[in-house]
Amino acid sequence: MDRKRICIFILIIAFIPLISSGCWDKVEIDERAFITAIGYDKYEEDDRSNEERLEKETQENPINRYIRTATYPNVALIAGKQEGEPFFIYSTTSISWAEGRRQVALRDNKNYDTNHLKAMIFSEELAKDETLFREIFDTFQRSAFLNRKLHFFVTPNKAQDILMTDTGKNMDVGLYIEELMEKEIRPTRAARGDMGNIIIDLNESNGALAPRIVKSKDRLKISGAGILKDNTIVGVLGELETRNALILKGENKVVDYTIKVDGKFLVVNQTDLQTEMKAYEDKEGKIHVNFTINAEGDIIQHYFETPEKAFDAKYIDRVNKKMNEVISKELEDLFEKIQKDFEVDIFKVGEHLRKFQPDTWEKIKEDWDEIYPKAKVKVDFQMNVRRVGIER
Amino acid sequence: MGDYQKLFEPKKNKGNKINITKNLQENLKKVKEILSDCDDMVYREFNVGVNQNLKFATVYTEGLADKIIVNEYVLKNLMMLSRMTEPEVRNVREKVYDLIKDGVLSVTDLEEVDDLNKVVDSILTGETVLFIDKWDKAIIIASKGWPMRGISEPESDVVIRGSREGFTETLRVSTVLIRRRIRDPKLKVKQMKIGKRSKTDIAVLFIDGLVNQDILKTVVYRLRKIEIDGIMESGYVEQLIEDNWRSPFPHIQSTERPEKVAAGLYEGKVAIVIDNTPFVLIVPTTFNTLLQASEDYNERFIVASALRILRYIAVMISILLPALYIAMLSYHPGMIPTELALYIAGNRDGVPFPAAIEAFIMEGILELLREAGIRLPGPIGSTIGIVGGLVLGQAAVEAGIVSSLMVIVVAITAIATYSIPDYSFGISFRLLRFTFMAAAAFLGLYGVMIVFLITLTHLSNLKSFGIPYLAPLNYNMSIKDLKDTFIRAPLHRMKRRPEFIAKNDKNRMADSFSRDYLKKGEDNSG
Numbered sequence: 001m002d003r004k005r006i007c008i009f010i011l012i013i014a015f016i017p018l019i020s021s022g023c024w025d026k027v028e029i030d031e032r033a034f035i036t037a038i039g040y041d042k043y044e045e046d047d048r049s050n051e052e053r054l055e056k057e058t059q060e061n062p063i064n065r066y067i068r069t070a071t072y073p074n075v076a077l078i079a080g081k082q083e084g085e086p087f088f089i090y091s092t093t094s095i096s097w098a099e100g101r102r103q104v105a106l107r108d109n110k111n112y113d114t115n116h117l118k119a120m121i122f123s124e125e126l127a128k129d130e131t132l133f134r135e136i137f138d139t140f141q142r143s144a145f146l147n148r149k150l151h152f153f154v155t156p157n158k159a160q161d162i163l164m165t166d167t168g169k170n171m172d173v174g175l176y177i178e179e180l181m182e183k184e185i186r187p188t189r190a191a192r193g194d195m196g197n198i199i200i201d202l203n204e205s206n207g208a209l210a211p212r213i214v215k216s217k218d219r220l221k222i223s224g225a226g227i228l229k230d231n232t233i234v235g236v237l238g239e240l241e242t243r244n245a246l247i248l249k250g251e252n253k254v255v256d257y258t259i260k261v262d263g264k265f266l267v268v269n270q271t272d273l274q275t276e277m278k279a280y281e282d283k284e285g286k287i288h289v290n291f292t293i294n295a296e297g298d299i300i301q302h303y304f305e306t307p308e309k310a311f312d313a314k315y316i317d318r319v320n321k322k323m324n325e326v327i328s329k330e331l332e333d334l335f336e337k338i339q340k341d342f343e344v345d346i347f348k349v350g351e352h353l354r355k356f357q358p359d360t361w362e363k364i365k366e367d368w369d370e371i372y373p374k375a376k377v378k379v380d381f382q383m384n385v386r387r388v389g390i391e392r
Numbered sequence: 001m002g003d004y005q006k007l008f009e010p011k012k013n014k015g016n017k018i019n020i021t022k023n024l025q026e027n028l029k030k031v032k033e034i035l036s037d038c039d040d041m042v043y044r045e046f047n048v049g050v051n052q053n054l055k056f057a058t059v060y061t062e063g064l065a066d067k068i069i070v071n072e073y074v075l076k077n078l079m080m081l082s083r084m085t086e087p088e089v090r091n092v093r094e095k096v097y098d099l100i101k102d103g104v105l106s107v108t109d110l111e112e113v114d115d116l117n118k119v120v121d122s123i124l125t126g127e128t129v130l131f132i133d134k135w136d137k138a139i140i141i142a143s144k145g146w147p148m149r150g151i152s153e154p155e156s157d158v159v160i161r162g163s164r165e166g167f168t169e170t171l172r173v174s175t176v177l178i179r180r181r182i183r184d185p186k187l188k189v190k191q192m193k194i195g196k197r198s199k200t201d202i203a204v205l206f207i208d209g210l211v212n213q214d215i216l217k218t219v220v221y222r223l224r225k226i227e228i229d230g231i232m233e234s235g236y237v238e239q240l241i242e243d244n245w246r247s248p249f250p251h252i253q254s255t256e257r258p259e260k261v262a263a264g265l266y267e268g269k270v271a272i273v274i275d276n277t278p279f280v281l282i283v284p285t286t287f288n289t290l291l292q293a294s295e296d297y298n299e300r301f302i303v304a305s306a307l308r309i310l311r312y313i314a315v316m317i318s319i320l321l322p323a324l325y326i327a328m329l330s331y332h333p334g335m336i337p338t339e340l341a342l343y344i345a346g347n348r349d350g351v352p353f354p355a356a357i358e359a360f361i362m363e364g365i366l367e368l369l370r371e372a373g374i375r376l377p378g379p380i381g382s383t384i385g386i387v388g389g390l391v392l393g394q395a396a397v398e399a400g401i402v403s404s405l406m407v408i409v410v411a412i413t414a415i416a417t418y419s420i421p422d423y424s425f426g427i428s429f430r431l432l433r434f435t436f437m438a439a440a441a442f443l444g445l446y447g448v449m450i451v452f453l454i455t456l457t458h459l460s461n462l463k464s465f466g467i468p469y470l471a472p473l474n475y476n477m478s479i480k481d482l483k484d485t486f487i488r489a490p491l492h493r494m495k496r497r498p499e500f501i502a503k504n505d506k507n508r509m510a511d512s513f514s515r516d517y518l519k520k521g522e523d524n525s526g
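Sequence lines, in order, name chains A and B.
Okay, so the first sequence: first residue is 1 according to our numbering, each after it adds one.
Okay, so the second sequence: first residue is 1 according to our numbering, each after it adds one.
Just chain A, same shape as in the assembly:
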């Protein structure tokens, strides 16, 4: 064999893996449907009995467990080419995630693409069923095609209803939720939970805060948080409670507080909240959890025509003191509620001990579930009003 032939031979050998390892999954972008939000509900027997009958004809023993709903935007509308509905929605009953996908694929002319998935919504009913919830959540976690930043929600309504909401802005619910969650001035009363963080939280402390989405008067609202523990939802927090929980977690930096001093309501805008948590074991073997929160304040509402007050250092001191008392109490109550009622360690006290007090943690980690509810909490809120605004 001469040299040329050997060269060609080597080239062919080199070319085979090149071709065979390529991504031969070409789908044109306009043939894809970019699913933006996906929701799961628990299937109930009398629900959609009509459809079930249809399924029974094709499958031997259908056990429908979920209602899977997916929505994707009408891209032609976004590009300004057509008029029409802002989104398409497909719902199906299924036995598993994969089954649901196959079912929908039979009905839709587009290829589904979950790379741009923005939100996944679980009805609380489903989240209370540990088996179902773990199945679906595992699928999300396992997928390499999903963005870890996608928003995770629980809802007291049906996920299907949430996805079918008309946002009134001519846009898809998934995109709407994303913009709602990612806006520059973030709402302080909604928990922040993207899938990555919730997975980390569940791994580290077996508890997490999941934002809650509700439908009220045909409009969507992000409101409060659901508390996840042991892979199910164990309770919910209201909006103010969520805000306080986020302060304790150190995730809220700018918060407004309305407070009554000397019989008048005033609003203090707290900026630069610095939360520090410290947990330790005292000599009697009791666990203490101390929060030190430093805040800078900005009086944004006072009482018209009382200029001297806001400039009075003693008055400001009184405001500070009052706020410290009130807020510290509020935060302590919240901590105890989560600690005693739900017995969930969402503030990661255990993780803190493991990281910073490894000796203590070694001692108590076996009995942490019993020890944690008995831990003593103290919140030290340090308010410092620095700015009082402009006056005549």
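Pairs of lysine to aspartate or glutamate, EDC-like flavour, derived with a Cα cap of 20 Å:
1. Lys81(A) with Glu339(B)
2. Lys169(A) with Glu339(B)
3. Lys264(A) with Asp317(A)
4. Lys81(A) with Asp349(B)
5. Lys183(A) with Glu339(B)
6. Lys249(A) with Asp272(A)
Sample of chain A residues lacking proximity to chain B, with all beta carbon distances greater than 12 Å (derived):
7. Val234
8. Lys249
9. Thr258
10. Lys321
11. Glu336
No lab work stands behind these hints, which were simulated from the structure alone.
Nothing here was measured: the structure is a model prediction, and the numbers come from that model.
For every residue, glycine included, the Cβ atom is placed at its ideal position computed from N, Cα and C.
Fit chain B to the given chain A structure using the hints.
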């Protein structure tokens, strides 16, 4: 005899010599035989001397030789002046040749030859040959003078700040333009002829003491080896002496700008000037030099550096953008930001072609437009641009045959390609772009990466006359080597010539030179 005489010594063709006889008529007959059927030759026989007993003859090519020189300074002197002075007959008989050579012809450049072949060559280059009866030599009188184009601004290599002079088709004018920029006796101009029939003059220019001897020897060796009947343009020489004829990248720089050549010579490079073309070749050439405009050195260094970086970005855009468009749209829509992905998807809704076909159609049309525009005269050329670019693009989008984003991509690519200063370099990238697009169409980003790596491998493998093409971007480069690459360092910081070329005299500026004295106010500026 200079140091380089031996290097440039032509090969001797021994068997070919035709002796000049003492018989004038016989000589003329031989010349006429060789130049038979060449009606543009002028033969003039005349008698000289008081007694009209000396027979002379001149031969030259009409149009190539300057008639004024022949008439005023050769014929007139010989026929009239020599008749007025009355030499002693005996002396004349013996010294007539010296007398004529040294005393009569008022032309600066004379040469005696004894070979008829040389005589014919000289006639064909525009010299005038003087035969004298009863003498076995001929005198070649330099009388080249043909209509030539004046020096004008180069069309292919335009600058805003810089010299407006460009090379012309005449070799001598071109070397003069370079000589005017290097008034150094060390600037050597060595000439040779290439082409069996065209006998094209080629001048090799270099600065003695600066030039990299290895490169010079390689250049001369390769030029010597050329055996071809005719050289039409510098492109012929370029293709015959370049290192790798398979490569899509030019590794010899051709330019119309004298200062570019002069700057190259100052860096220790070698210039090859070729007759009949305004393009001068500079060797060796690196990837980096092809992305430099001569204006870079005339502008402030911050501006110049920014422009350099911009050009590198333009290169990346011009080869990668359509390929990325295809790969992203067809294989990896997840990599596009959501809003954009949705917009593109909506925008492409109803477009009948896949992204790859669409891109090939549009890029193909762009190349067609460019090709059509180049061959047409100016005003019609711009009409093509308008019809093609505006009307066609708009109509295609409105008809829904291509998406508007594709038109934008094509336009950006075209603009990026045109911002590459060297024309032939730009063509290489245009070609390469289609390879990238094909790879993207079949294999997505994976394919783009493969072709990118293959291209890089090829580039790092390429050499121009022994100098790595990617120099000074080597595996062992230091920060200092980057002074004249992605950025252009301030002029007073570039004290050394490029180290990979200049081996002998490395200092461009005196080491002692610094701009610090300005700070101290020594120049009385206060």
